[in-house]
Each structure stands twice: as C-alpha cells, then as structure tokens.
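A.B. asks: Two chains, each in its own frame: build the complex with the hints.
Those protein sequences? They're chains A and B, same order as listed.
First residue of the first sequence? That's 76 in the working numbering, and the numbers climb one at a time after it.
First residue of the second sequence? That's 6 in the working numbering, and the numbers climb one at a time after it.
Hints listed in this document are in silico derivations from the structure and should not be mistaken for laboratory results.
It should be emphasised that the depicted structure is a prediction, and the values quoted were computed from it without experimental measurement.
Every residue, glycine too, gets a C-beta built ideally from N, C-alpha and C.
Some clues are possibly wrong.
To be verified - The calculated label-pair distances, taken between Cβ atoms and stated as ranges, are: (1) A:T476 with B:V66: 36 to 42 Å; (2) A:T316 with B:I27: 52 to 58 Å; (3) B:L91 with A:N407: 42 to 48 Å.
What the hints assert, rightly or not - Taking lysine to any residue and the SDA-like style, the derived pairs with C-alpha atoms no more than 25 Å apart in a straight line are: (4) A:K391 with A:I413; (5) A:K252 with A:G378; (6) A:K170 with B:I132; (7) A:K194 with B:I119; (8) B:K51 with A:S409; (9) A:K158 with B:I119; (10) A:K170 with B:T48.
Unchecked claim - Derived contacts from chain A toward chain B, CB cut-off under 7 Å, selection only: (11) E150; (12) A174; (13) A192; (14) S340.
Letter by letter, the chains look like this.
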Amino acid sequence: MKKRMIAAAMSAALISGLFAGCSASSSASTSTGSSDATEGSSSATQSGEGSVFYLNFKPEQDAQWQELAELYTEETGVPVIVKTAASGQYETTLKADMAKTDAPTLFQVNGPVGLAAWKDYCYDLSGSELLNQLTSDDFLLMNGDEVAGVGYVIETYGIIYNKALLEQAGYTAEDIKSFDDLKKVAEDITARKDELGFAAFTSAGMDGSSDWRFKTHLANMPIYYEYQADGIETTDAIKGTYLDNYRQIWDLYINNSTCEPGLLSTKTGDDAVAEFVTEQAVFYQNGTWAYADVAELGDENLGILPIYIGVDGEDKQGLCTGTENYWCVNKNASEEDIQATLDFMNWCVTSETGTKAMCGGEGAMPSGNPGMSFVIPFKGNLESTNPLVNQANEYIAQGYTPVSWNFSTMPSEEWKNGVGSALTTYAADQTDENWAAVVTAFVDGWATEAAAAKG
Amino acid sequence: MQKSIRRYFPVFVLPTLLAFTIGFIIPFGMGLWLSFCEFTTVTDAKFVGFKNYIRAFQDTVFLHSFWYTALFAVVSLVFINLLAFLLALALTQKMRGTNIFRTVFFMPNLIGGIVLGYIWQLIFNGILAPYGKALNLNEWYGFVGLVILVAWQQVGYMMIIYIAGLQSIPGDLHEAASIDGANGLEKLFKITLPMMMPSITICTFLSITNGFKLFDQNLSLTAGEPSKMSEMMALNIYQTFFGRTGWEGVGQAKAVLFFILVVGIGLIQLRITRSKEVQQ
Chain A
76 MKKRMIAAAM SAALISGLFA GCSASSSAST STGSSDATEG SSSATQSGEG SVFYLNFKPE
136 QDAQWQELAE LYTEETGVPV IVKTAASGQY ETTLKADMAK TDAPTLFQVN GPVGLAAWKD
196 YCYDLSGSEL LNQLTSDDFL LMNGDEVAGV GYVIETYGII YNKALLEQAG YTAEDIKSFD
256 DLKKVAEDIT ARKDELGFAA FTSAGMDGSS DWRFKTHLAN MPIYYEYQAD GIETTDAIKG
316 TYLDNYRQIW DLYINNSTCE PGLLSTKTGD DAVAEFVTEQ AVFYQNGTWA YADVAELGDE
376 NLGILPIYIG VDGEDKQGLC TGTENYWCVN KNASEEDIQA TLDFMNWCVT SETGTKAMCG
436 GEGAMPSGNP GMSFVIPFKG NLESTNPLVN QANEYIAQGY TPVSWNFSTM PSEEWKNGVG
496 SALTTYAADQ TDENWAAVVT AFVDGWATEA AAAKG
Chain B
6 MQKSIRRYFP VFVLPTLLAF TIGFIIPFGM GLWLSFCEFT TVTDAKFVGF KNYIRAFQDT
66 VFLHSFWYTA LFAVVSLVFI NLLAFLLALA LTQKMRGTNI FRTVFFMPNL IGGIVLGYIW
126 QLIFNGILAP YGKALNLNEW YGFVGLVILV AWQQVGYMMI IYIAGLQSIP GDLHEAASID
186 GANGLEKLFK ITLPMMMPSI TICTFLSITN GFKLFDQNLS LTAGEPSKMS EMMALNIYQT
246 FFGRTGWEGV GQAKAVLFFI LVVGIGLIQL RITRSKEVQQ
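Just chain B, same shape as in the assembly (with noise of 0.2 Å):
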C-alpha cells in the first residue's frame, strides 16, 4: 500500500497541482509583479517600480475605504458571531422542529452575493421610501444595511459549525457540573465556551476574512455611493483597476496591500484563539 502510494501520487497530486498552479500561484505571482507596472492590458506591462504604492497611498478614498472596511468586518464579526451561536445553543436544545429551522436559517447562504444585494437594496429602499430617504444617500444607510445582509445571509453557516462545535462536547461534563451545583451560566462560560474554541476559531476567522473580502453585496448594494463613501477596500481595489485609465498599476498594488492586511489580520486573530483553545 505505501509502496504504491510513493509510485502512483503524482497520478494524484498533478492535477490538483497543476490546477492550483493555473489559477492561484500564476495569477498570484504576475499580480506583485504587475503592481510594480504600468498598463493598459495585463500582456503588455512596463516596470517602474514603487510608483503604484506611492500612488495607493495618497489616495484618500482608498485609506477611507480602509477604515470603513474595518469598523465593518468588526462589527460584522461580533453581530454574525452572537447571533449565530445564540441560534446555534436554541437549535441544540431538546424542541421539534430543530432540523427545519436549521436548514431555515442555513438556505440564504446558498443564495449568491449579487443576487441578495440587489433583493435587499429593494428591500431596505423600500422601508426609506416613504420618508424620502435611499439607501445611497448615505454612507451609514449603507453601512447598516451592509451589516444586516451579510448577518443575514453568513449566520446559518456559522450556526452548522457551531451546532456541531456544541454537540462534540461530552454530556458527562455538564452532569459533573450540575451535581457539583453549577447553574446555567456557570455551565456556558466555564465548560460550553472554553469546549467551543475551536469552532469560534474558524467562525471568527471565517467571518473577520469574509468581512475584509465582502465585494459582490457591496457592490450590487450601494455600489459605493454616496460618492464611494460606503466603497469598501475589495470594491475599491476593483474600481481603480477597472474603472480608471491609467490606474490599473495602484489598483494592483492596492490589490497586494489587501492581501498582506487580510492575512496579517487572519494570522494574529488565528493565534489569539488558538490560546485559548483547551484539550478535553
């Protein structure tokens, strides 16, 4: 068996490989070379150095777009976070139905990004109508509207990990506490929360990134309007590139700045849960 495991993994390994190659590593590395170019197209590319960075810098829209990002995927992150596990404790209790519910509040997370930005911009323009207001007048309309779609929609997901985290830890821990006359509380946050940390890891992970990277309900709900005052950093990047001649290099050097935040953040955020991770 290892021996044909050692003769046959390239059968194996290749074509992920190779897949990988084509449509993460190449893309990956002709974008830092291109963020050091100008262009038009990305075939023909002229080298001039640390000009695109300088450029990304100086742009105010792009720090804007920074801060809002942020102040975005933190409170993304607390508002997913607490419902979803909030749904995920009920779901778990002993009531009929719990499957139901829970394949209710997973079903927006099939639905595509675009899709919901467009349902809800008719939505949320529909309840600002009758008082004369839009969602894009205002980059707070916006900003609130954001949060609500993405809980909307990231919440069920974040249950399922979350209802799995709970139901992975052993019952005979709680009828310990119990009988050594623990209340409710006391069980949450002295036996429930230190079990559920490697689920939080991956739900705070996932939601922090998701947060950072939100692009297509961006751009399909306010599409940065009021004058790119709710543009978050991924629109941001996508409009330098796309929408304006002769940026197309600080799009891309912007494009490499997101990349070094995103996972610079994801990392610390990784290594201060992990911490707190508990052996049972």
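Chain A extracted, bound-state conformation (with noise of 0.2 Å):
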C-alpha cells in the first residue's frame, strides 16, 4: 500500500511537470508582447472579442509599438501583442510564426516579391476604413484585383552629412552637385585624414546588420537608372547597364572610410553610427529611420544629400524615397482578430494618439520618450520633427526628381546576400576578377533567382 502511494505520487508530480511544462512555454510566447497584453489576451478569449498580434518589421521602433500596443488597449481593451522581428531575420520569424496556432494578425511584406510568398495569406484590405484614409494609390500593394497591402510608411535615404564636419574640411553641401563632386570632396579629406582628424565615410560594414546598406539600399541607385533608360518598372533579367557606376561609388565608400577595406566585413550598423556619432566620419549612408540613431549631433548639424553615382543628368537627381513596409493582414485569422485587427490599423493612422506616435518626433509618446518620426500615407500625417524628413521634402519642393525603391524587385533575398557576399570579398581585394564576381551575382544571379522563384 505504501508503495503504491509513493508510485502514485511519483507519477503525478512527473505528469505535472510535464503540463507546468507546457503551461510556461505557452505563456512564454505570448509575453514576446507587453505584460498588459498577455493579461488582456486572456480575457479577450473569454469575452469572445478579438485581438491583435503584431509581427513588427522594424527592430528601431519596437519601443515605441510596445507603447503603442498598451495605449490601445488600455483605450479599448482589445489585446494587442507586438513582437519584432531582429534585424534580418524577418521573413525567418513570420515563417515559423505563421505556423501557429497564434499567428500573426498583422504582418509586414516589402513588396511585390514578398508578396509573391505570402499572397494567400493576405486578407483584401478592399472598402476597409484604413484604406479611405489614403492619400494616395501608389500605396497600394495589388494582388489581382485585391488590395493585399498597404505601405504606412514613407522613407528616404541618402547620405547624411555632418554639417559641421564638413564645414571644418572647408565645404558645404552647395559643393557637391554631382559624383566627381563628392568623389573630389571625399578623396580631399582622406588625403587630410591626419590633420582634420576624420575620415570620410563610416565604415561601409557587411556585417548582417549593416549590409543591406549597400547590397539592397546602394544597389537601388544602378537598378533604377536601368529601368529609367529601358522605361521598365521591374524585370527578370537585369542587364546591368550601370554597374560600372555601383563598383565607382563602392570604391569611394571602402577607400576613404575610417577603416581599412579588408576589415569591412566585420564592421556593424552600430560601429558606422558610432563613427558617425562621435564625429569620426563626415558621411554616413543611410535613411530617415535613422534619425534617432544620430538626433544627438543636433538638428542643425545634419544634412542628407542624395546618392550621386556619376549617370548624366544627376545634377537634377533628389534623394532615394519610397516604401518596402506594407501591413497586410492575415486571411487565416478568426473574423474578430481580423476585425481588430482593421480597427487597430485604423486607429494607429488616425487617432491623436496614434499619428503623434508615428509621426511625432522627441517627447510624442505619452511617456516622453520619442515617437517614431515616421512620414505615413494618411491624411492623418503630421508636419514632421525629423530634419531629414524636412530636408527629403525640400528637394521634391525644389523640382529635384525622388529616386524611387526599386529593391523591391529584387528576385530574392538570396539575391541580395549573393551580390552583399561579392561586395565583400572585393571590398578585401579589388581587383578586376573580385568585381566581375560582383557582376555575375548581380547580372547572372538575378535571372537565376527570378526563374527560381517562378518555380
């Protein structure tokens, strides 16, 4: 009898430790989000009304969702649980998280390729609310006839400049119109690199975190006068017109940086805004998002000039500016989460508290940190606090043409880490063969990766 109470017990606390087991992991995965939410979800599913689950793309404003997701509900009490995604590993978590059981509601893709492998799970967004808040269709993400997404945000990129830094080497912006400009600028500093004390471009890192600056965001610049020239919007074979043009601006960036070329392959985002932020590098490419990264060098000593790579006809070339972040939402989600879920965009675009939190800058968030300094859509945006902003929309106000993103016709990400890796191993060795490598991954590799993806 003794025994068979001691074998009893044994069991039970083996098959408690089992649930515990399952019960921790489940909760585990919920608090991704915010403590309140995962209180919320609970209730959510007892009173039977929907909730929302936000698979973020972008790791610098995950704070400010967070923020966002708890403002919500405490308004409405719908559930909201956003999780992001790290650096790079977006499609990776939205594959396994699409899997589950709780998946995603609300997802991002970055355009017609990323719709390519998620167009079946994307819910038409056709007569819903958000989209009579647009101000424009070129926001649109069409699949067929169904509007599968909806870009929320509009961004810039170029090079931004420490104003200051160049004054200090004797220039200004006004000096540079045109890539022999900026190529006679930045070969002048390097030249002085001892005297003034900087250098001047960060380090062009392909490092994970770092690489898409060049392999995606750079590569834009040679893709976009192709399509100019042959008067295309996308392709399946590229013919790589202007890559003697991508190579000419990739020798500026990796031979006056503030590092030798063969290191560039262990530099990150965090050591090119290191540099750029401790005053060790004059130019840094990057976009709008970045601002909060650099805000401390003080708004008046930032400037962003456009990605010069010798084309003629450059002198009327403005900044980079487009979208590759679409909200989609899921089809496969219960009618009350896609409900939500609507209600939850909608509010974001419209509310006060919503648009101050994208488009506010220092102090929006209710809780005094930054908001997102986003440029969005919807007649809800408001005037932005983001001088690059400012600057991006005073040289559309000057008649200077927006180059617009063309990285989203890119076949694949394969493509860009094939093209990311040749840029690398020739940014160590630049010889001629280094860079015909770097042409074969672009030219070859394009039509390869766009059959493949035709399957």
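C.D. replies: What follows is the structure in structure tokens.
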C-alpha cells in the first residue's frame, strides 16, 4: 500500500511537471509583447472579442510599438501583442510564426517580391476604412484585383552628413552636386585625414546588421537608372548597364572610410553609427529612420545628400524615397481578430495618440519617449520634426526628382546575399576579377533567382 | 514487485513516451511528409513528389557543404580525440591539482555554441585584423577557426569519458605487463588502447555526429561567409528552409537526406569500433 502511494505520488509529480512545462512555454510565447497584453489576451478569449498580434519589421521602433499597443489596450480593452523580429530575421520569424495556432494577424511584406510568397495569406483590404484614409493609391500593394497590402510609412535615404565637419574640411553641401564633386571632397578629406582627425565615410560594414545599406539600398541606384533608361518597372533579367557606376561609388565608400577595406566584413551597423555620432566621419549612408540614432549631433548639424553615382543628368537627381513596409492582414485569422486588427490599424493612423506616436519626434509618446518620426501616407499625417524628412521634402519642392525604391523588385533575399558576399570579397581585394564576381552575382544571379521564384 | 511494475508501467512510461511522441515522432513524420511537398508554412502543404529531392541534388552549394562538412567532421574527430586522449592520460597521472585541471578543461563545454562562436569570432578577427584580414573572407580561415573552436569546446567532455575509461582498467594488467618486461609504449598500445575501445567508440561516435550536425557555432562564427563557402550542412538546410522563398520543401528534403547520411555514418563507425572492443 505504501509503495502504491509512493508510485502514485511520483507519477503525479512527473505528470504535473509535464503540464507545468506546457503552460510555461505557452505563456512565454505570448509574453513577447507587453505583460498587459498577456493579461488582456486571456480576458479577451473569455469575452469573445478579437485581439491583435502584430509582427513588426522595424527593430528601431520596437519600444514605440510596444507602448502604442499598451495604450490601445488601455483605451479599448482589445489586447495587442507586438513582437519584433531581429534585424534581418523578419522572413524567418514570419515563416515560423505563421505556422502557429496564434499566428500574427498583422504582418509586413516588403513589396511585390515579398508578396509573392505571402499572397495566399493576405486579407483583401479593399473597402476597409484604412483605405479611405490613404492619400494616394500609389501606396497600395495589389494582388490582382485585391488590395493585399498598404504601405504605412514613406521613407527616404541618401548620404547623411555632418554639416560642422564638412565645413571644417572647407566645404558645404553646395559644393556637392555630382559624383565627381563627392569624389573630390571625399578624397580630399582622406588625404588630410590625419590633420582633420576624421574620415570621409563611416565604415561600410558588411556584417548582417549593416550590409543591406549596400547590397539593397545602394544597389537600388544602378537598378533605378537601368529601369529609367529602358522605361520599365521590373524585369526578370537585369542587364547591369550601370554597374560601373555602382563600382565607382562602392570604391569611393570603401577607400575613404574610417577603416581598412579588408576589415569591412566585420563592421556592424552600430560601428557606423558610433563613428558618425563621435564625429569620426562626415558621411553616413542611411535613411530618415536612422534619425533617432544620430539625433545627438543636433538637428542643425544634420544634412542629407542624394547618392550620386556619376550618371548623366544626375544634377537633378533627388533622394531615394519610397516604401518597403506594407501592412498585410492575415486572412486565416478569425473574423473577430481580423476586425480587431483593421480597427487597430485605423486607430494608429487616425487617432491623436496614434498619429502622434507614428509621426512625432522628441517626446511624442505619452511616456515622454520620442515617437517614430514616420511620414505616413495617410490623411492624419503630422508635420515631421525629423530634419532629414524635412530636407527630403525640400528636395522635392525644389524640383529634384526623387529616386524610386526599385529594390522591392529584387528577385530574392538570396540574390541580395550573393551580391553582398561578392561586394565583401571585392572590398578586401579590389581586383577586376573580384568585381567580375559582383557583376556575375548581380546579373546572372538575378536571372537565376527570378527563374527560381517562378518555379 | 514484478506484478506492481507490470501494473503501473504506463504511469512511468507514458509521460516520457508522450513527450517523445510530441517532441520527436510527430515532427519526424511531418518532416518526412513535408519533404515531398511545396509549402510556405508547415501547416498548408501541397504534394509534389520527388521534385524537392531533385532540386536538392542540383544545388551546388549543398554539394559543396557536404564535402566541407565531411572534411570538417574527419579533421575535428581526429583533433578532438587525440587531444582528449592525451589530456586524459596526463590527468590520470599521479600529480597535484588534477581535479582542478579536469574542471578547467571541462568548463568550455558548459558555454552555449552561439556565445562561443561570437567570442571566438572576436578573438580570431582581433588576431587577423593587424594583417588586414578577416575570418569571413576565406573559407579555410573559417574552417580552421571552427576546428579550433569545436576542439576547445569538446575536448573537455571527451576527456572525462576517456578518464573514466582509463580508470576502469584493472591495475594488475599493467603490473603483469611490467613484470613481463613491456615498456611504456607497448603497455599503451597493447593494453591501454584495447581496453579503452568502449570509450573510443563513444567518443568517436559523439564527435563525428557532432561534426556533421554542427550548427550554432557555424552560424555565429562565419554564418557561411564568404558566399556560403563555409556553410556546413545543418546551416545550409536552415538557410534553404528559412532564407529562401519557395525552397522550404527543398530544405526539408535536404534535412531527410542529412538524417539518412548521419545515421548511416554513425552506424558504420559504430560497427568498426565495436569490432575492436575486447572483453575484460
């Protein structure tokens, strides 16, 4: 009898351990959001209302989204969980999370190529309140007749520069109107590097946290000009007409930087930011979203230049403006969840709290933290306090042609990685053979990947 | 006693069986099925037959990763086991502080692979930086780096197994051999090694399968750079599955091939070393 008791007790302990394990893991997965949201979600399932699970693409805005989610839950009682994928891990995270029972109800794709993978999961947004708020149909992502996604932020990138340092080197932004000007200034700064105490460019790091600036954003330039020249918007076979220009600008970046070209493979995005804010370099290629990182230099010190690559007629070229952030709603979510998600999206772009958080700068969040400094393509858009955004608007006002974001037509992540690796190898050893490898990755890789995507 | 075991065996077996089913058997079955499917997420799959396997074999990067991994497994196997055996021999001698040394050599094994990878990446790049080189610029730098890293991590673990093996050899065998006039080397090769075969079986099995399955160290140390040339099989499978849209099924097919390969090699290795084991 005694033995039997012990056996029963032991097995009870074992089984309870098993269940404890289960419950612990399930609570861990929901607590990726805020703790309030976790509590909210259990109450919501009881009352039968929907809930929102947003898989956010932008790590730099994670804190703001978490706060916004909490505010929304406080205001409406609808639980919102925000989970942010690590830099460069969005597709991986999305793929894993979409297979779960509690799949994200709101997720992002980066444009037509991203949509191709996820089109079967996109809820048709046509007729939703959100679309009435949109200022232009250019920001719709169409899947046939269906509205699969809505761009929710307009961003701009170029070469951010430190005005004070540029002046110290004896130049102003007025002196830089073409690639040749940029090259002259950069090489002059490099020649006087020791005397000036700073370099021209921040390290063009090819670590995963930074390489997208070059394999994606910089690579947009030759693609843009090729599309312009051929009068097309997308292609299955890129010709690489402007790859020599791509090489020129890449050479300029890597040979006038804070570090030896051979070390670029290990440099991270944080390194580049650190070099820029500690005034070790004048130029830093990045976009309006990076404002929060570099704000400590002071608004009056920050400027942004177009990325010149030495193409004819580039004196009228502006900054690169577009979006690769489209909101999509998960079709497979329950009806209540879809409705809750649509309401949440709408609230974000119409309510005072929401628009302030998305568009505002310093102190825009109720907690006193800075807002997301977005420009949103919705009627509720507020005037930006982000000096980079304002300068981008000035460029457009002055008649410069903005460069569109064609990198959303790049055939796959695989293609970007191939180009990135080739660029890294070339940076370490700048021979013609290594550049030929970049061209191969760019041109042949494009054809291969475009074919593979069509399956 | 017998009777109550028979009566209560489900109570003891079921929890583990349940966990094993959920954690292994079901995913394994799903994995097999998915390798014949095309899908975006694992819950909605469409059967396509052997297409994924054909695409896997056409992938030159996968074939490269196979040779690279095989070479790595062999080199690390030799390296780890030699070092571990020598350390075990040294630390079973009569000298002071053997316990401290054993602990110290075992400790790297307690650190996770990802962390180790990043730490060693800093160390290697710190050493290479003055020469204007970096670890992820050359696949063989990555290879050597990985061998050093994995040896550093696993030598201590294998050493403990070898020490246990060494201590289980009866002292009278060595004594008898000494009386018969055997010298140190003869004793090592004629007595110690044959008596150690069970430990060697375990250690070689562990290190060769670990070598093939290596993932986190590879991911954090080189991430496959340059251009996937230092990408080993497990990482290649992961990248195919998660990194490429439309290739999920191919990744799964590669995983099945990988499973067959590792099981096959493991069994062959076990048979070879088992046949050399002697009865005490």
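A.B. asks: The structure should be examined with respect to each hint, and the outcome stated for every one.
C.D. replies: Going down the list of hints, with the structure as the test:
The given range of 36 to 42 Å is respected by T476 (chain A) and V66 (chain B), whose C-beta atoms sit roughly 40 Å from each other. Between T316 (chain A) and I27 (chain B) the C-beta distance comes to about 55 Å, which sits within the given range of 52 to 58 Å. A hinted range of 42 to 48 Å for the beta carbons of L91 (chain B) and N407 (chain A) is inconsistent with their spacing of about 58 Å. This hinted pair does not check out: K391 (chain A) and I413 (chain A) have alpha carbons roughly 44 Å apart, beyond 25 Å.
Of the pairs offered as hints, the one joining K252 (chain A) and G378 (chain A) holds, with about 14 Å between alpha carbons and a cut-off of 25 Å not exceeded. As the CA atoms of K170 (chain A) and I132 (chain B) are separated by approximately 38 Å, the hinted pair breaks the 25 Å bound. The straight-line distance between the Cα atoms of K194 (chain A) and I119 (chain B) is roughly 34 Å, outside the 25 Å bound, and the hint therefore fails. Distance hint between K51 (chain B) and S409 (chain A) is fulfilled; the C-alpha atoms sit about 23 Å from each other, no more than 25 Å.
For the given pair, K158 (chain A) sits about 22 Å from I119 (chain B) by alpha-carbon distance, which is consistent with the 25 Å threshold. A hinted pair counts as satisfied when its Cα atoms are at most 25 Å apart, and K170 (chain A) with T48 (chain B) qualifies at roughly 11 Å. A cut of 7 Å between beta carbons decides the hint on E150 (chain A): the least distance to chain B is about 32 Å, and the hint is violated. The criterion of a C-beta within 7 Å of any C-beta in chain B is met by A174 (chain A), whose closest approach is roughly 4 Å, and the hint holds.
Given the 7 Å rule on beta carbons, the hint for A192 (chain A) holds: about 4 Å separates it from the nearest Cβ of chain B. Checking S340 (chain A) against chain B by beta carbon gives a least distance of about 5 Å; that is within 7 Å, so the hint holds.
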